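Chemist: Here's the letter readout for the chains.
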Amino acid sequence: MTSFEAAFEVYWQKLFAVVYRVVGDRAEAEDLALDVFWRLHRRMSEPGAGPVTAAWLYRVAVNVGLNALRAKRRRSSHEEAAAQWTTDNRAVRDPLELAAQAEERRRVRAVLARLRPRSARLLVLRYSGLSYAELAAALDLAPSSIGSLLSRAEKEFEHEFRKAAR
Amino acid sequence: MHIDEGLIQAFRDQEASLEERSRISAHLAGCEACRERLEKAAARAASMTSHFGLLDPESPPPTPGVVTTRLKERIETQLEMTSMWQTAFSRKYRPVWASFLAVTVLVVIFTVPPVRALAAKFLYLFRAQKIETVAVDSDRVQEQMKKFQSASGIEDLIASSVKVESEGKAAEVKSADEASLKAGISVRTPQALGDPVKWIVEPAAKLTMQVDLDRIRGILQEIGRNDIELPETLDGTSVTVDFPPVVVGLYGDCGDPAVLTDPDDASQRAHYRCDVVLRQLMSPTVGAPEGMDVNQVATAMLQVIGFTRAEAEEFAATIDWTTTLVVPVPRNVASEQKVTVDGVPATLIVPASQSSKKFFLMWIKDEILYTLTGAGDKEKALEIANSLK
Numbered sequence: 003m004t005s006f007e008a009a010f011e012v013y014w015q016k017l018f019a020v021v022y023r024v025v026g027d028r029a030e031a032e033d034l035a036l037d038v039f040w041r042l043h044r045r046m047s048e049p050g051a052g053p054v055t056a057a058w059l060y061r062v063a064v065n066v067g068l069n070a071l072r073a074k075r076r077r078s079s080h081e082e083a084a085a086q087w088t089t090d091n092r093a094v095r096d097p098l099e100l101a102a103q104a105e106e107r108r109r110v111r112a113v114l115a116r117l118r119p120r121s122a123r124l125l126v127l128r129y130s131g132l133s134y135a136e137l138a139a140a141l142d143l144a145p146s147s148i149g150s151l152l153s154r155a156e157k158e159f160e161h162e163f164r165k166a167a168r
Numbered sequence: 179m180h181i182d183e184g185l186i187q188a189f190r191d192q193e194a195s196l197e198e199r200s201r202i203s204a205h206l207a208g209c210e211a212c213r214e215r216l217e218k219a220a221a222r223a224a225s226m227t228s229h230f231g232l233l234d235p236e237s238p239p240p241t242p243g244v245v246t247t248r249l250k251e252r253i254e255t256q257l258e259m260t261s262m263w264q265t266a267f268s269r270k271y272r273p274v275w276a277s278f279l280a281v282t283v284l285v286v287i288f289t290v291p292p293v294r295a296l297a298a299k300f301l302y303l304f305r306a307q308k309i310e311t312v313a314v315d316s317d318r319v320q321e322q323m324k325k326f327q328s329a330s331g332i333e334d335l336i337a338s339s340v341k342v343e344s345e346g347k348a349a350e351v352k353s354a355d356e357a358s359l360k361a362g363i364s365v366r367t368p369q370a371l372g373d374p375v376k377w378i379v380e381p382a383a384k385l386t387m388q389v390d391l392d393r394i395r396g397i398l399q400e401i402g403r404n405d406i407e408l409p410e411t412l413d414g415t416s417v418t419v420d421f422p423p424v425v426v427g428l429y430g431d432c433g434d435p436a437v438l439t440d441p442d443d444a445s446q447r448a449h450y451r452c453d454v455v456l457r458q459l460m461s462p463t464v465g466a467p468e469g470m471d472v473n474q475v476a477t478a479m480l481q482v483i484g485f486t487r488a489e490a491e492e493f494a495a496t497i498d499w500t501t502t503l504v505v506p507v508p509r510n511v512a513s514e515q516k517v518t519v520d521g522v523p524a525t526l527i528v529p530a531s532q533s534s535k536k537f538f539l540m541w542i543k544d545e546i547l548y549t550l551t552g553a554g555d556k557e558k559a560l561e562i563a564n565s566l567k
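Residue numbers (this note's numbering), protein chains in the order written: chain H, 3 to 168; chain P, 179 to 567.
Chain H with its partners taken away, still in its complex shape (with noise of 0.2 Å):
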């Protein structure tokens, strides 16, 4: 990476868009990636401090989003619910479906703030078009474990999702 500033221009739409689909909210989002990206800052300043990589930034972002959905989740879940159904919807028209969806948007993110941390890191990254080798860089893991942990994680995100549902 070269510079902050190239840095910022690369990655800055690809990281709150990551931070996005965590929390759902624009402007707590934007904000939060405006954190990644003061670390980072501060990061480069250090003096010694190693090259900054995208695998870093990535995992700053996931982190700090996750964080903040479920220490929001602590606060209050029903604010999140109700925000959610603010939350203006693309195509769909039709308010029972646009209801289902926000319903089933909120389910996930509930889902996702009890995953076990690691499942729902690789779940964000790997949905948010992160490739294996990505993914092993961003969360320091074995290339040759991605596809075993992911399936895991697959697995236990359905496993909650079916019990959120009932």
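Calculated directly from the structure, the hints in this document are not laboratory data.
Careful, some of the hints might be misleading.
Claimed, not checked - Listed below are the simulated DMTMM-like cross-link pairs for lysine to aspartate or glutamate, each with C-alpha atoms no more than 25 Å apart in a straight line:
| hint | chain 1 | residue 1 | chain 2 | residue 2 |
| --- | --- | --- | --- | --- |
| 1 | P | Lys556 | H | Glu32 |
| 2 | H | Lys157 | P | Asp555 |
| 3 | H | Lys74 | P | Glu217 |
| 4 | H | Lys74 | P | Asp182 |
| 5 | H | Lys157 | P | Glu198 |
| 6 | P | Lys218 | H | Glu162 |
| 7 | H | Lys16 | P | Asp182 |
| 8 | P | Lys250 | H | Asp96 |
| 9 | H | Lys165 | P | Glu217 |
| 10 | H | Lys74 | P | Glu183 |
| 11 | H | Lys74 | P | Asp373 |
| 12 | P | Lys250 | H | Glu7 |
| 13 | P | Lys218 | H | Glu160 |
| 14 | H | Lys157 | P | Asp191 |
| 15 | H | Lys165 | P | Glu183 |
| 16 | H | Lys16 | P | Asp453 |
| 17 | H | Lys16 | P | Glu236 |
| 18 | P | Lys376 | H | Glu30 |
| 19 | H | Lys74 | P | Glu561 |
| 20 | H | Lys16 | P | Asp191 |
| 21 | H | Lys16 | P | Glu561 |
| 22 | P | Lys556 | H | Asp27 |
| 23 | H | Lys16 | P | Glu193 |
| 24 | H | Lys157 | P | Asp373 |
| 25 | H | Lys165 | P | Asp234 |
| 26 | P | Lys218 | H | Glu158 |
| 27 | P | Lys376 | H | Asp142 |
| 28 | H | Lys74 | P | Glu210 |
| 29 | H | Lys16 | P | Glu254 |
| 30 | H | Lys74 | P | Asp234 |
| 31 | H | Lys157 | P | Asp182 |
| 32 | H | Lys157 | P | Asp453 |
| 33 | H | Lys157 | P | Glu214 |
Predicted model, so just to flag it, every value in this text is computed and none were measured.
Fit chain P to the known structure of chain H by using the hints.
Modeler: Same frame as chain H, now just chain P:
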């Protein structure tokens, strides 16, 4: 031999190597069970994609250009705040603060009637029981502090008349129990945070300052406070400040863990890189000659940090200085509010800039002083403080 789950997953995600792909395809052709597993995995991929697809932003993320200003502002405030706190609380500046306190203490002792000064051999101990803040002008403080620190005599004065005795070095301990034992207080842990990255116990320190009238006069003259009369009788008396051991709990992302227990000043700076830092210590005590007019001490102290005499007197009169720890809050940089945590009143200091989420919360409960520093909003600070067990 069936294909393991991880490979099936990788094959599904088109992440298997060329060699693996051909081996798996060959196996699948003759293995019903593995074909079923692959189908299941594919079905799971479809449902996961649909779940997570719902989480995508409904409109494109803001462009970098739109948020650049906020980013810059955040970085700048952060630097200012960090340097302010680091300076105020770092071990390196403790002697400076303490001497600063001691000097101003003495300045005022010298101004009280000689009859009180005769009782100066006895120490009058007071321990902070509550916290008040005072808004100060950051520019004026910095100017005054700079003058004070750059006064030519100050290093000499500190070297010759200020003695700091420290019992050992900062040490890492394994648990809250071990920290309790070492620090002699009952260490508490915030349930909202889980285990800290590290527990560190900083040793107790005692600062003693012998009054050397000539030198103090010289310095006061240099910083423009030569309007104060110094009675000869106090020459040679002493003021002490006791810093009990400090238990430091470091939480969250702290960067490189190796520097956290670095014995020199770098470790202190490193602490403030953590997401959350919780410090616990017995309230420090100050010992000064008995009969000292504490109100006047305080008035002088406020003047040294930039108050006019009238402002200082007005503020000093509202505080019970024998039981109150007064924390200067630079306006423009930070703002302060009263909150209740842990069942007692507390002081929350946050950066003035809305875009920088950082908190500094302090309170005293059962003679223990707690300070909680971290990244996050007010709610987070309160949640952590209220979860102390």
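Chemist: Could you tell me which of the hints above the structure violates, numbers in ascending order?
Modeler: The structure breaks hints 2, 3, 4, 7, 8, 10, 18, 21, 24, 28 and 32; every other hint is satisfied.
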